[in-house]
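Using the sequences and the hints given, assemble the complete structure.
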Amino acid sequence: MRPFDERYHTALEDPDVRTGLTAFQRGWRESRDAAIADLEAQEGRSFDELRQELAAIKDDVIANWDRYLDEFTANAEAAGAEVTRVATPGEANELITRICRDAGVDLMVKGKSMVSEEIGLNHHLEAAGITPVETDLGEWILQLAGETPSHLVMPAIHKRKERIAELFERVLEREFPPDDIDRMVKVARTELRERFLASGVGLSGTNALIAEGGSVMLVCNEGNNRMSVALPPVHIVTAGIEKMVPTYADAMKQVRLLGRSATAQPITVYTNFVTGPRPGQRQHILLIDNGRSAMAEDPEVAAALRCIRCGACANVCPPYGVVGGHAFGHVYTGAIGLVNTASHHGIEAAAGPQSLCVSCGACATVCPTDIPLPTQILEVRRKVVEARAPAPCDRATHLGIAAFGQRWLVDLGFRAAGIVTTPLRSDGVTKVPRWLAERPGLRERVGWRTPPAVPLRPARDRLKRGKLDEPPRLAAQPLAGRTVQLFLQCLSDRLAPDIPKAAAELLRAAGADVRLPREQHCCGLPAYDAGEQDAARAMVRQTIATLEGVDDVVTPASSCLAMLKHDAPHLLRDDLDDLERSQQLAGRTYDLISYLTAGPGRLPAGALDDGDATPVTVHRFCQASNTLERQDAIERFLRDVAGVEVVPLPEAEVCCGFGGSTSVRNPELAAGVLDRKLGCLDQTAAPILITDNPGCILHLRGGVHATGRQVEVLHLAEYLARRLPGAAVRQATA
Amino acid sequence: MVGDAGGQEAIISTPDGFRIAVEAASSRYLEVGDWDAVIAHLSGGAGAGDGPDRAPIALAPSLAAAQPDLVDRFSEAGFTVVVPDGDDPAAQVADVPVAVVRGELAVAETGSVLIAEHALGDRVVTMLCRRLVQVVDADTIVDRLEGAADWLRERRGKPGFASLMTGPSRTADIERSLTIGVQGPDEVEVVVLTATPGGVHEA
Ligand code: SF4
Numbered sequence: 001m002r003p004f005d006e007r008y009h010t011a012l013e014d015p016d017v018r019t020g021l022t023a024f025q026r027g028w029r030e031s032r033d034a035a036i037a038d039l040e041a042q043e044g045r046s047f048d049e050l051r052q053e054l055a056a057i058k059d060d061v062i063a064n065w066d067r068y069l070d071e072f073t074a075n076a077e078a079a080g081a082e083v084t085r086v087a088t089p090g091e092a093n094e095l096i097t098r099i100c101r102d103a104g105v106d107l108m109v110k111g112k113s114m115v116s117e118e119i120g121l122n123h124h125l126e127a128a129g130i131t132p133v134e135t136d137l138g139e140w141i142l143q144l145a146g147e148t149p150s151h152l153v154m155p156a157i158h159k160r161k162e163r164i165a166e167l168f169e170r171v172l173e174r175e176f177p178p179d180d181i182d183r184m185v186k187v188a189r190t191e192l193r194e195r196f197l198a199s200g201v202g203l204s205g206t207n208a209l210i211a212e213g214g215s216v217m218l219v220c221n222e223g224n225n226r227m228s229v230a231l232p233p234v235h236i237v238t239a240g241i242e243k244m245v246p247t248y249a250d251a252m253k254q255v256r257l258l259g260r261s262a263t264a265q266p267i268t269v270y271t272n273f274v275t276g277p278r279p280g281q282r283q284h285i286l287l288i289d290n291g292r293s294a295m296a297e298d299p300e301v302a303a304a305l306r307c308i309r310c311g312a313c314a315n316v317c318p319p320y321g322v323v324g325g326h327a328f329g330h331v332y333t334g335a336i337g338l339v340n341t342a343s344h345h346g347i348e349a350a351a352g353p354q355s356l357c358v359s360c361g362a363c364a365t366v367c368p369t370d371i372p373l374p375t376q377i378l379e380v381r382r383k384v385v386e387a388r389a390p391a392p393c394d395r396a397t398h399l400g401i402a403a404f405g406q407r408w409l410v411d412l413g414f415r416a417a418g419i420v421t422t423p424l425r426s427d428g429v430t431k432v433p434r435w436l437a438e439r440p441g442l443r444e445r446v447g448w449r450t451p452p453a454v455p456l457r458p459a460r461d462r463l464k465r466g467k468l469d470e471p472p473r474l475a476a477q478p479l480a481g482r483t484v485q486l487f488l489q490c491l492s493d494r495l496a497p498d499i500p501k502a503a504a505e506l507l508r509a510a511g512a513d514v515r516l517p518r519e520q521h522c523c524g525l526p527a528y529d530a531g532e533q534d535a536a537r538a539m540v541r542q543t544i545a546t547l548e549g550v551d552d553v554v555t556p557a558s559s560c561l562a563m564l565k566h567d568a569p570h571l572l573r574d575d576l577d578d579l580e581r582s583q584q585l586a587g588r589t590y591d592l593i594s595y596l597t598a599g600p601g602r603l604p605a606g607a608l609d610d611g612d613a614t615p616v617t618v619h620r621f622c623q624a625s626n627t628l629e630r631q632d633a634i635e636r637f638l639r640d641v642a643g644v645e646v647v648p649l650p651e652a653e654v655c656c657g658f659g660g661s662t663s664v665r666n667p668e669l670a671a672g673v674l675d676r677k678l679g680c681l682d683q684t685a686a687p688i689l690i691t692d693n694p695g696c697i698l699h700l701r702g703g704v705h706a707t708g709r710q711v712e713v714l715h716l717a718e719y720l721a722r723r724l725p726g727a728a729v730r731q732a733t734a
Numbered sequence: 001m002v003g004d005a006g007g008q009e010a011i012i013s014t015p016d017g018f019r020i021a022v023e024a025a026s027s028r029y030l031e032v033g034d035w036d037a038v039i040a041h042l043s044g045g046a047g048a049g050d051g052p053d054r055a056p057i058a059l060a061p062s063l064a065a066a067q068p069d070l071v072d073r074f075s076e077a078g079f080t081v082v083v084p085d086g087d088d089p090a091a092q093v094a095d096v097p098v099a100v101v102r103g104e105l106a107v108a109e110t111g112s113v114l115i116a117e118h119a120l121g122d123r124v125v126t127m128l129c130r131r132l133v134q135v136v137d138a139d140t141i142v143d144r145l146e147g148a149a150d151w152l153r154e155r156r157g158k159p160g161f162a163s164l165m166t167g168p169s170r171t172a173d174i175e176r177s178l179t180i181g182v183q184g185p186d187e188v189e190v191v192v193l194t195a196t197p198g199g200v201h202e203a
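Sequence lines, in order, name chains A and B.
Here this note's numbering is used: the first residue of the first sequence is 1, the next is one more, and so on.
Here this note's numbering is used: the first residue of the second sequence is 1, the next is one more, and so on.
Derived by calculation from the structure, the hints in this document are not laboratory data.
All residues carry an ideal CB built from backbone N, CA and C; glycine is no exception.
Each hint should be verified, as a subset may be incorrect.
[What the hints assert, rightly or not] Counterexamples of contact, computed for chain B against chain A with all Cβ distances above 12 Å:
#, residue
1, Leu30
2, Glu31
3, Ile39
4, Ala40
5, Ala66
6, Ser75
7, Val81
8, Ala138
9, Asp139
10, Thr194
[Claimed, not checked] Some chain A residues close to chain B (C-beta under 10 Å, calculated; not the full set):
#, residue
11, Lys186
12, Ile210
13, Ala230
14, Lys253
15, Tyr270
[Claimed, not checked] Quick list of simulated restraints, FRET-style, between CB atoms:
#, chain 1, residue 1, chain 2, residue 2, range
16, B, His41, A, Glu629, 48 to 56 Å
17, B, Ala91, A, Gly104, 18 to 26 Å
18, B, Val71, A, Thr88, 49 to 57 Å
As structure tokens, then:
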């Protein structure tokens, strides 16, 4: 496979990839959600219950692998199959070549098999003089084009119909109008039929191995897979050993979730159960390990073995929607590819795509086997950081993270930057002069996103006691008598001080005594995100120590809440004391919206209704939806408490592309994700965009500014503070 | 009409559940009394032709073996009947447009018909003919996929090839645009026989 950087840039330069994949992701999302809702109604159980049930089945297999493999082997052999366990791709390829040679075969028809891609079978066969013919339409197109699959289920989804028509015209020497998909699809029947009948060997993958019956379950829609299996005199199965399920009933549970998660079908057209060879046929089943038993031993990634290769994790992945599977992954694509590549193809192969993940968490919400993909990706990222000789940019990241751990240094740096950039500061942004903006390194970073202004004084200075005005008072005082510690968040402290300032004002207006622990710095998220877990642990410990005591902790940054609630327990899992402290802290820490709606600061309906009815729209911070399971809380709050019209934002919960380090390391990708978000924003025509994570705000503001859009991007706190009694007067005199 | 799958909850077993699922999968659904009605149905309709013009029809060898009289009955109705059981069954059905197979059971939940096709002759008819007629007894319809799992489990360890078939072959591989009729049949009819109590076939 070509080096990652090359694949990444090729993908970025192909406009078809992004257009096609965005449309595909949108279409899939809608139909998949409907299919899952139907399933929930049919079963009378939630998606979560159903996927946990399937996960438990797979976990049992992973824990008792040898037993089930033996059971399967005995049953399959009783039915006449020859079963061989192979450890490496090399062994598998050699065995398959030998089987073909022994049968005197030089043409192989192939049903879709990701494992055969995993082991690089086609190259091996060709070198041995055996011609493999892919028979799945998508795989066949790619074989004709000399490409590899970019998706687990829809291998050619990155190709637009125009390109496929050109390809067919060239290879088949016939005319193919690009709008006649029907004709392109149907040519597969005529072109491939002869091959099925002439081939001496058919190869398939498997969707499940059923231990109790020795059966291989194969699903497909086109009918090609079953023809590859059923017609030739030799049938070879390449099966990853993780495909095992104990019983047929278990397989049916997988079927229910697989079709819906893959293509939004209740079941694929064909669900075949193949037990042994037909009369006159030989069947060879290869149970392939290639790193799987080692994965099972590693608690950080073992759950990835539950994967049923449905592709859903790619279908909701915003970066995948920009660059596709040739860049986002290796042989295996999408979120699961970022995890299992390290185990099947080595750490080097896994390293490149790591920085493309924005940690939005969307994959984990749709995975039908409930794999904690975001956590696993960060574990693999840590391993990549630890295992590799660092490239210059890795070293820079490492140093940067180490420096970021020192509060005084960060403080000093930002104050200095504030002074240096004073002449460039204008209206909340830094106006980079043209000669500078066009220099490589900056060009790809500032053109599409204007950098924020660096203020002279951080929020912590502005919120000093004695510097604050007497707050306005709301009629409702739910927080009277409560002490609230404000966790500023490192980013908004220095780059968006108005956000914590507005949050403090709001909390005080509701009666709170707001405190600002001076030692506070950073929750550790940026370090965790960069795979620098030691640094992250140090920062999270420091944060815990700083915030102990006092009633409630409130932060205007939902990302810090996700870190404290979700990631800190994972990082501190080996230290029970710290783990307990982090859990206690998480229990009394709120982001602003949860504090005002579900926490002690609950405001009554109409409390912030000042009569201003300018419509707004809301971007849902991705991790709030995906990790904190918050849904339309901000929208409801704005309607009920502020009395404002909220225009629904299409794809409201899809990541905006900030993604922490992603937008620094892969700016082109972040720009692509942002572009999709801004396109959705345009559809609402709302003049104000509200969200509640400072990173998103800086990113969205920069994008709105750079594209000349006339939309005000506000943090929820800023928007609400404007609606406090007397706010207009205060703003006018400020 | 809809059978009970070993005490499974009957969420799906509305009387019409199976039909609705079959049609949702883009198959045609038909309820008839017996095989005579099946033959009459296949004899009629546009393109069926008449007498000597009638298109040939393939019967799955396992069906012909279970109900030997069917070959004669189709022949009497003017069909040239092909039962692909020779050395090269694929060649035998290469130009036969219609195939008739019998389902072991059907699943209301998904609109699937479970077809056992162990021998090569049984396989080629479901794979190579363009129009596939799946005939299934009404009292073999189970509510849920677990009913099919039970059937498979009873035969576990024995060689076999059983397929849940749900609609005509299809793909969405090009720009996720759904196309019906790809490499397998492009027309599927599910015919439910209502007059065969107890699953016993007419002799
Ligand atoms: S990780 Fe989950 S969502 Fe992704 S392909 Fe595997 S089963 Fe599907």
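Verification of the supplied hints:
no.	hint	verdict
1	Leu30	holds, 19 Å
2	Glu31	holds, 22 Å
3	Ile39	holds, 26 Å
4	Ala40	holds, 28 Å
5	Ala66	holds, 18 Å
6	Ser75	holds, 27 Å
7	Val81	holds, 22 Å
8	Ala138	holds, 21 Å
9	Asp139	holds, 21 Å
10	Thr194	holds, 25 Å
11	Lys186	holds, 7 Å
12	Ile210	holds, 8 Å
13	Ala230	holds, 4 Å
14	Lys253	holds, 8 Å
15	Tyr270	holds, 6 Å
16	His41/B with Glu629/A: 48 to 56 Å	holds, 53 Å
17	Ala91/B with Gly104/A: 18 to 26 Å	holds, 21 Å
18	Val71/B with Thr88/A: 49 to 57 Å	holds, 53 Å
Violated hints are absent here; each numbered hint is respected by the structure.
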